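Go ahead and model the full structure; you've got the sequences and the hints to work with.
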Amino acid sequence: MASKFLLVAQREYLTRVRKKAFIVLTLAVPLLIAAFGAFMFQIAKSDDSTDVVEVRDESGLNIASRLVSTPQLTFVPAAGALAEAKKGFQKAKHDGLLYLPAGLDVEKPDNVQFYGKGNISLKKQLAVESALNKAFSDLKMQKSGLSQDQLDRLRSKVSLKTISLDDTGKEADSNALATSGTAYVLALAIYLFIFIYGVQIMRGVGEEKSSRIMEVMLSSVKPFDLMMGKIVGIAAVGLTQFLMWGLLSFGASSVLLPLLASAGKDKPKTEVAATTNTNATPMDQQSGEASSAGEKFDQNVSQQANPANAAGRFNVFATLGNLPIGTILFGFIIYFLGGYLLYGALFGAVGAAVDDQTDTQQFMFPITMPLILSYIVGLSVILRNPDGPVAFWMSMIPFTSPIAMVIRLPFGVPMWQLALSIFLLILGFIGTVWVAARIYRVGVLMYGKKVTYKELGKWMFYKG
Amino acid sequence: MKPILEAIDVRKAYAAHVALSGVSLSIPEGSIFGLLGPNGAGKTSLIRIITQITAADEGEIRFRGERLNPSHIAQIGYLPEERGLYKKMKVGEQLLYLAQLRGLTRSDATQRIKQWLNRFEIKEWANKNVEDLSKGMQQKVQFIATVMHQPSLIILDEPFSGFDPINANLIKDEILELRKQGATIIFSTHRMESVEELCDSIALINRSRKVLDGPVGLIRDQFKTNTYAVEGKGKLIVVHPDFEVVEQTERENGHFYARVQLHAGVRPNDLLRYLINNVEVDSFRELIPSINEIFIRRVRETMPETLVEETV
Numbered sequence: 109m110a111s112k113f114l115l116v117a118q119r120e121y122l123t124r125v126r127k128k129a130f131i132v133l134t135l136a137v138p139l140l141i142a143a144f145g146a147f148m149f150q151i152a153k154s155d156d157s158t159d160v161v162e163v164r165d166e167s168g169l170n171i172a173s174r175l176v177s178t179p180q181l182t183f184v185p186a187a188g189a190l191a192e193a194k195k196g197f198q199k200a201k202h203d204g205l206l207y208l209p210a211g212l213d214v215e216k217p218d219n220v221q222f223y224g225k226g227n228i229s230l231k232k233q234l235a236v237e238s239a240l241n242k243a244f245s246d247l248k249m250q251k252s253g254l255s256q257d258q259l260d261r262l263r264s265k266v267s268l269k270t271i272s273l274d275d276t277g278k279e280a281d282s283n284a285l286a287t288s289g290t291a292y293v294l295a296l297a298i299y300l301f302i303f304i305y306g307v308q309i310m311r312g313v314g315e316e317k318s319s320r321i322m323e324v325m326l327s328s329v330k331p332f333d334l335m336m337g338k339i340v341g342i343a344a345v346g347l348t349q350f351l352m353w354g355l356l357s358f359g360a361s362s363v364l365l366p367l368l369a370s371a372g373k374d375k376p377k378t379e380v381a382a383t384t385n386t387n388a389t390p391m392d393q394q395s396g397e398a399s400s401a402g403e404k405f406d407q408n409v410s411q412q413a414n415p416a417n418a419a420g421r422f423n424v425f426a427t428l429g430n431l432p433i434g435t436i437l438f439g440f441i442i443y444f445l446g447g448y449l450l451y452g453a454l455f456g457a458v459g460a461a462v463d464d465q466t467d468t469q470q471f472m473f474p475i476t477m478p479l480i481l482s483y484i485v486g487l488s489v490i491l492r493n494p495d496g497p498v499a500f501w502m503s504m505i506p507f508t509s510p511i512a513m514v515i516r517l518p519f520g521v522p523m524w525q526l527a528l529s530i531f532l533l534i535l536g537f538i539g540t541v542w543v544a545a546r547i548y549r550v551g552v553l554m555y556g557k558k559v560t561y562k563e564l565g566k567w568m569f570y571k572g
Numbered sequence: 034m035k036p037i038l039e040a041i042d043v044r045k046a047y048a049a050h051v052a053l054s055g056v057s058l059s060i061p062e063g064s065i066f067g068l069l070g071p072n073g074a075g076k077t078s079l080i081r082i083i084t085q086i087t088a089a090d091e092g093e094i095r096f097r098g099e100r101l102n103p104s105h106i107a108q109i110g111y112l113p114e115e116r117g118l119y120k121k122m123k124v125g126e127q128l129l130y131l132a133q134l135r136g137l138t139r140s141d142a143t144q145r146i147k148q149w150l151n152r153f154e155i156k157e158w159a160n161k162n163v164e165d166l167s168k169g170m171q172q173k174v175q176f177i178a179t180v181m182h183q184p185s186l187i188i189l190d191e192p193f194s195g196f197d198p199i200n201a202n203l204i205k206d207e208i209l210e211l212r213k214q215g216a217t218i219i220f221s222t223h224r225m226e227s228v229e230e231l232c233d234s235i236a237l238i239n240r241s242r243k244v245l246d247g248p249v250g251l252i253r254d255q256f257k258t259n260t261y262a263v264e265g266k267g268k269l270i271v272v273h274p275d276f277e278v279v280e281q282t283e284r285e286n287g288h289f290y291a292r293v294q295l296h297a298g299v300r301p302n303d304l305l306r307y308l309i310n311n312v313e314v315d316s317f318r319e320l321i322p323s324i325n326e327i328f329i330r331r332v333r334e335t336m337p338e339t340l341v342e343e344t345v
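The listed protein sequences derive, respectively, from chains A and B.
Residue numbering for the first sequence follows the working numbering, starting at 109 and increasing by one per position.
Residue numbering for the second sequence follows the working numbering, starting at 34 and increasing by one per position.
In short, the hints are calculated from the structure, not lab data.
There could be a bad hint or two in this list.
Unchecked claim - No farther apart than 30 Å at their CA atoms in a straight line, the calculated lysine-lysine pairs in the DSSO-like style are these:
| # | chain 1 | residue 1 | chain 2 | residue 2 |
| --- | --- | --- | --- | --- |
| 1 | B | K120 | A | K112 |
| 2 | B | K161 | A | K330 |
| 3 | A | K128 | B | K147 |
| 4 | B | K168 | A | K128 |
| 5 | A | K128 | B | K268 |
| 6 | B | K123 | A | K112 |
| 7 | A | K112 | B | K121 |
| 8 | A | K251 | A | K201 |
| 9 | A | K127 | B | K156 |
| 10 | A | K128 | B | K213 |
| 11 | A | K225 | A | K251 |
In this text, all values refer to a predicted model and were calculated from it rather than measured experimentally.
Dropping the structure here:
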């Protein structure tokens with residue numbers, strides 16, 4: 109009997125994997141993913157790029173030296189008077205020109221002007237405004253008697269470092285983004301897998317029924333072997349496809365991304381470096397106390413540009429490393445397979461119960477409902493409160509636990525809950541397969557009958 | 034002859050109706066057996082029990098004296114009424130798959146597929162998808178799939194429905210050939226006339242019950258009415274101490290056709306002697322009841338209440 113089950117699974121696998129559609133899809137999706145990744149990379153890069161704004165300060169208040177550059181916004185002194193500078197910044201491919209006219213009122217600086225190419229984005233405007241506000245408040249505070257040193261100490265850059273405590277009181281870097289991201293990806297993978305390949309099971313059974321091969325098959329294979337062979341065969345197809353997608357996406361990305369990176373990355377960097385080096389001289393001429401302030405200006409540019417950013421990225425990876433990888437992987441495999449088998453059996457039963465693919469709707473709904481529900485609730489409620497009552501109950505019920513539990517896994521789940529949930533999933537899986545096998549056994553030989561729920565209920569109790 | 038298959042008081046009920054109520058049969062090895070009866074009589078239910086697709090509620094099936102079990106699957110070939118093939122599979126692969134499920138090894142199966150495809154002259158179709166085949170071609174493939182593993186019992190449910198006349202004859206010849214090689218064949222059909230000249234033994238089933246079974250010759254003898262058809266020139270008298278003219282129709286030029294039933298103990302030669310003396314005989318033959326007629330008569334005798342709607 110076991111060999112027949114294998115024969116069935118083998119056929120299901122081979123006929124699907126050899127289809128043109130499978131090969132095309134397997135090759136096309138990674139390309140799409142890589143292309144999408146490249147697209148996102150481009151967007152992120154353009155977002156990352158530094159706006160360079162030239163400053164022409166005629167106010168005599170030495171505002172220019174107080175403008176603090178950030179990774180997104182760099183201030184450089186403009187060359188020459190306003191008319192010259194207006195042409196100059198465009199020629200230098202800089203993003204804007206800030207003009208502080210003479211006779212600027214410190215208390216009411218309302219005639220500062222900003223020249224940009226084309227329309228000026230709100231983001232750019234806000235960034236420049238915020239830098240100006242800071243410069244003016246510095247100026248005012250200094251005027252009221254604070255030294256530059258005191259000012260520096262007053263200003264502190266706060267960046268939250270979040271730390272999660274586990275039951276034993278051990279500390280680990282936690283980063284909500286990395287944890288939620290992991291949860292999201294795992295849930296999506298299970299959700300998609302169950303849906304795509306569950307529907308394939310249903311179609312496959314429907315095909316056997318409508319092509320009238322079923323009775324021939326049943327005279328040599330037990331219905332249970334036929335059903336499970338199909339479910340397992342299609343699972344193998346799905347795993348092959350996911351694996352190929354993963355490998356090919358990784359391959360395509362590792363070829364595409366460095367290419368893109370080397371093509372575009374160098375330019376803005378060198379420009380910043382060049383301008384920061386050259387800007388000392390003109391700035392010095394602006395005022396008497398400029399020499400020390402000018403150096404400060406330079407340091408601000410070079411110091412603040414990179415480390416914060418790098419540290420942020422480092423944190424995400426550090427957190428990924430701190431996640432309970434072993435548990436996540438183990439749990440993911442269990443829930444991935446358990447969820448698929450549970451739903452796969454039900455999809456198979458639906459395929460067996462109806463004659464016509466168009467009749468599947470009424471039976472599809474109660475199957476897809478818990479799946480969609482656990483996905484939606486999972487990504488909203490559970491992700492926000494992974495230890496709440498909703499999260500707990502949904503990760504216990506076998507119909508919702510495959511998605512609900514994998515969302516909780518990265519946040520850490522008590523061992524007893526995980527064990528109980530897996531136990532219930534296995535029970536649920538055995539139960540649904542039992543029910544599905546009975547519906548399947550009767551349904552596959554039932555033709556020309558509009559099946560109702562009541563009818564399905566009766567099928568459970570048919571003998572032999 | 035030793036029976037290859039015996040059914041002993043087999044009962045099967047579904048939620049809404051009773052499919053078989055105590056059917057017993059014995060199918061002699063090496064024979065062609067007709068399982069006959071109207072649609073819904075229970076034929077397919079019985080076959081599905083024999084092929085182990087379902088199980089009987091009560092009663093027993095014995096295969097060569099052994100209680101039916103999964104090891105017998107490899108010895109049975111089944112062509113269901115609802116027959117089909119995987120449309121997107123190649124003919125050769127499909128046959129290989131079905132043969133392996135029936136317990137053949139890969140190499141044995143490959144070799145036999147080649148033989149059968151050659152025999153039916155469809156060798157060049159082995160690498161075509163089933164959906165590209167004509168219906169007649171598919172029927173040949175289905176038949177090959179049924180007999181490829183050399184089963185000792187071949188069950189054909191409504192074998193000639195959907196077959197074109199050429200294929201039907203081809204299949205008939207193959208069946209006779211298979212019997213010659215020792216196989217037992219069960220024909221199940223509601224079209225009794227289509228198999229009666231092929232069958233050695235039959236069982237008639239009506240409304241979940243067996244109404245009659247046995248060798249065709251014996252059954253015919255049993256239901257013979259001693260009626261003869263006579264064609265000739267002249268005129269027969271209607272009443273005679275030895276026989277009764279049941280029906281007489283006049284034809285042109287003084288010819289007639291008559292059905293004559295002999296009274297008990299009268300031999301056909303007595304009638305012939307009378308005919309020769311009185312009319313000019315064109316033809317004289319015994320009227321043998323068809324299985325269909327026997328079925329109706331038998332049902333009328335045993336379960337008249339069912340006859341109204343069951344008339345075939």
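Evaluated hints:
1. For the suggested pair B:K120 and A:K112, the alpha carbons sit about 21 Å apart, so the restraint of at most 30 Å is met.
2. For a cut-off of 30 Å, the pair hint linking B:K161 to A:K330 stands: about 29 Å separates their Cα positions.
3. For a cut-off of 30 Å, the pair hint linking A:K128 to B:K147 stands: about 28 Å separates their Cα positions.
4. Between B:K168 and A:K128, the direct Cα distance comes to roughly 26 Å. Compliance with the 30 Å bound is thereby established for this hinted pair.
5. Restraint check for A:K128 and B:K268: not satisfied, since their Cα atoms lie roughly 79 Å apart, outside the 30 Å limit.
6. With a CA separation close to 20 Å, the supplied pair B:K123 and A:K112 stays within the 30 Å bound.
7. The hinted pair formed by A:K112 and B:K121 meets the criterion: a straight-line CA distance of about 21 Å does not exceed 30 Å.
8. For the suggested pair A:K251 and A:K201, the alpha carbons sit about 36 Å apart, so the restraint of at most 30 Å is broken.
9. Note on A:K127 and B:K156: the hinted pairing holds, with a Cα-Cα distance of about 24 Å set against a maximum of 30 Å.
10. Among the hinted pairs, A:K128 with B:K213 is inconsistent with the structure: their alpha-carbon atoms are about 46 Å apart, more than 30 Å.
11. The hinted pair formed by A:K225 and A:K251 fails the criterion: a straight-line CA distance of about 35 Å is larger than 30 Å.
Checked against the numbered hints above, the structure breaks hints 5, 8, 10 and 11 and satisfies the rest.
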